[in-house]
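Participant: Please work from the sequences and hints to get the whole structure.
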Amino acid sequence: MDDLRRSRLTVFFRPLLCIPHLIWIYLWGAVVGIVFILNWLVALIIGRPAKPFQRFNAAFLRYTTTVLSFLFLIANPFPGFTGEPGSYPIELEVPTTPEKQNRLKTFFRLFLVYPALAVAGALLYVTYFVTFLAWWAAMITGRMPRGFRDLGANAIRYIEQGYAFALLVTGSYPCASPYVGMALGMPVVAATPAAMEAPPAAVEAPAAAEQPAAPEAPEAPSET
Amino acid sequence: MTKSSRRLLGLLIFGALAGVWFYLASLLWRTSVPGNLKLPKVDMSALVGAGELHQAQHFTLISDLFALCGLFLPIIVLAVYAKYGHRFISESAAGPIGTGMLLAMLGLAIVWISMAVPGLAQLWWYRKHGIVSTGYVSWIFGSWLGLIPVFEQICLTILIVMGFARLLRDRWWLAAVPVFVGVLTLFVFITPYEIPLQQIYGHPQLKAAEGRIAKREGVAKIPMRVENVGTMTSAPNAFTTGLGPSRRVVLWDTILDGRFSESQLEVVVAHELGHQKHNHLWKDIGWYGLFVLPIAFFIARWTRRRGGMAVPLAVPLFLFLWFALQTAITPLNNAYSRRLEAEADWTALQATNDPQAAKSLFVNFVSTTSEDPNPPAWDVMLFGTHPSEEQRIAMVEAWQAQNGG
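If you read the sequences in order, they're chains Z and W.
Numbered by our numbering, the letters in the first sequence go through residues 25 to 248 in order.
Numbered by our numbering, the letters in the second sequence go through residues 31 to 435 in order.
Since the hints were derived computationally from the structure, they do not count as laboratory data.
All the given hints hold, so there is nothing to weed out.
Derived, one-sided and incomplete: chain Z residues facing chain W with beta-carbon distance under 10 angstroms:
id, residue
1, L33
2, N100
3, P113
Derived CB-CB ranges, DEER-like:
id, chain 1, residue 1, chain 2, residue 2, range
4, Z, P139, W, R335, 54 to 62 angstroms
5, Z, F131, W, S163, 54 to 62 angstroms
6, Z, Y197, W, G337, 48 to 56 angstroms
7, Z, K75, W, W174, 41 to 49 angstroms
8, W, W174, Z, T165, 20 to 28 angstroms
9, W, Q432, Z, L46, 55 to 63 angstroms
10, Z, L46, W, L103, 25 to 33 angstroms
11, W, D283, Z, Y197, 49 to 57 angstroms
12, Z, L28, W, G125, 19 to 27 angstroms
13, W, A146, Z, P139, 41 to 49 angstroms
14, W, V50, Z, P119, 53 to 61 angstroms
15, W, V180, Z, F131, 46 to 54 angstroms
For each residue, glycine too, the CB sits at the ideal point set by N, CA and C.
Facilitator: Okay, structure coming up:
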């Protein structure tokens with residue numbers, strides 16, 4: 025659960041505290057690159073990714089979500105190294121069982137994902153800027169401004185959706201709208217009404233406190 | 031087997047291991063400098079001038095105060111952290127090893143904060159004497175970024191220690207020590223590839239002399255490179271690093287800026303090649319291995335009351351003990367280092383056969399570094415990794431006396 029409280033000590037050294045994680049992402053990411061090629065071939069042949077590869081890539085995406093959340097001050101605790109589900113306040117919800125995927129989309133996956141990754145890159149720059157502002161705010165007040173936190177969480181959600189699509193974890197294209205999975209017109213922190221379809225890979229937040237009816241709230245970060 | 035005979039057997043094994051340890055330490059302690067060498071008294075004021083000598087003594091005294099701060103303040107801070115650091119466990123959602131890494135990094139981060147004021151004061155002092163030209167803001171930012179390799183190292187250390195502790199419990203040190211030594215060896219090997227080194231332009235006489243000196247010392251020709259530090263400091267320096275094919279002799283650009291003559295530079299290069307001739311880097315690794323073994327053993331015993339190194343609760347105490355024990359053996363490490371440096375000096379004298387150049391080089395070091403050529407005993411004990419300039423000049427004179435110079 026994220027109460028928006030931030031430890032000034034860990035905020036001050038936040039990029040440096042990420043060093044072991046960045047090294048681990050680099051090493052794990054190298055293996056993910058090899059797995060992607062194998063998984064791509066498997067998906068082309070049998071029409072869906074291999075289950076072990078799916079679990080491996082899903083864990084990697086969950087892990088990078090926690091690291092990005094920590095780095096960008098979106099969450100407070102130091103994340104673990106395994107990408108285990110349920111271990112972090114901000115979490116990516118990804119399918120762990122492979123779904124059937126269109127072979128043509130699979131064949132051209134890297135070309136198809138390119139526009140989404142370009143948007144993700146732009147969002148990353150926005151997040152850098154917001155984190156810079158949030159860093160000062162957190163150092164002064166000891167709290168993360170909610171708007172900054174939610175903007176960052178939405179950016180990470182899109183970025184991870186992009187990578188989930190690229191790595192064949194899902195066949196659904198990333199959706200940039202922060203309102204997908206929420207009632208339209210509601211603020212970003214609102215919880216997801218069950219009627220709305222959740223995006224295939226979404227940053228999950230703790231259950232919302234401000235919205236009374238909040239069944240299954242996997243998308244938007246919200247405060248309790 | 032009765033309890034007393036088990037104890038006796040344990041004592042015998044411990045005694046035998048201690049004997050082996052001392053024997054190995056004595057092997058590493060030996061150097062080729064003649065044991066009967068009598069160092070004459072040197073009148074430094076006659077060589078560098080009374081005014082400059084007084085200035086150097088004053089500069090060193092104040093520098094030492096900052097250095098003392100740098101040596102003992104971290105220990106005090108880590109002692110406090112050992113008591114209260116476990117509170118930061120709540121800042122972690124990681125498993126035991128990840129949480130251990132976080133606690134270790136935060137401990138060193140707090141040390142960095144505590145060192146900021148003494149560090150800035152030291153910078154002011156060095157800037158005042160023209161030793162460094164780094165600005166205050168760039169120093170703060172640079173030293174903050176300097177935590178990157180520190181955090182990398184401590185995380186690796188925690189990974190090794192806690193990883194083995196989770197497998198072997200209190201016997202983690204048996205497996206961790208060889209890994210520490212292996213990691214150090216790897217780091218020494220790759221260091222020349224990590225430092226931005228350049229080819230030396232100009233100095234044809236020095237380049238020719240390097241091959242000649244290497245041949246005379248009986249070492250393979252080792253590439254000589256320059257490291258550009260002139261924008262940050264004016265202090266002259268040279269060092270040798272690497273193992274096997276990665277070996278390099280590195281000169282700072284500040285030593286090639288014209289303040290040192292070609293014959294003085296030849297002595298510098300001969301000194302560095304002397305380190306390679308006597309395998310000093312390998313000996314350093316061996317020395318580290320000898321000392322890290324008992325340190326790890328004692329830490330394993332003393333962290334038991336915090337649940338052992340398998341749990342993050344023990345990490346703040348580990349951090350304190352790790353640094354405190356290493357600080358405790360600093361005088362011994364420095365004494366060992368001074369012996370190796372003296373051996374490299376001696377080898378340089380044999381190879382260059384130019385005592386005048388060596389003598390003028392050491393006098394020049396006093397002028398260019400502003401350091402006391404004959405610091406007090408406590409200074410030598412705590413910070414003296416090299417013989418003092420007075421001792422080095424005395425060795426040159428002893429060499430001359432021995433070789434009829």
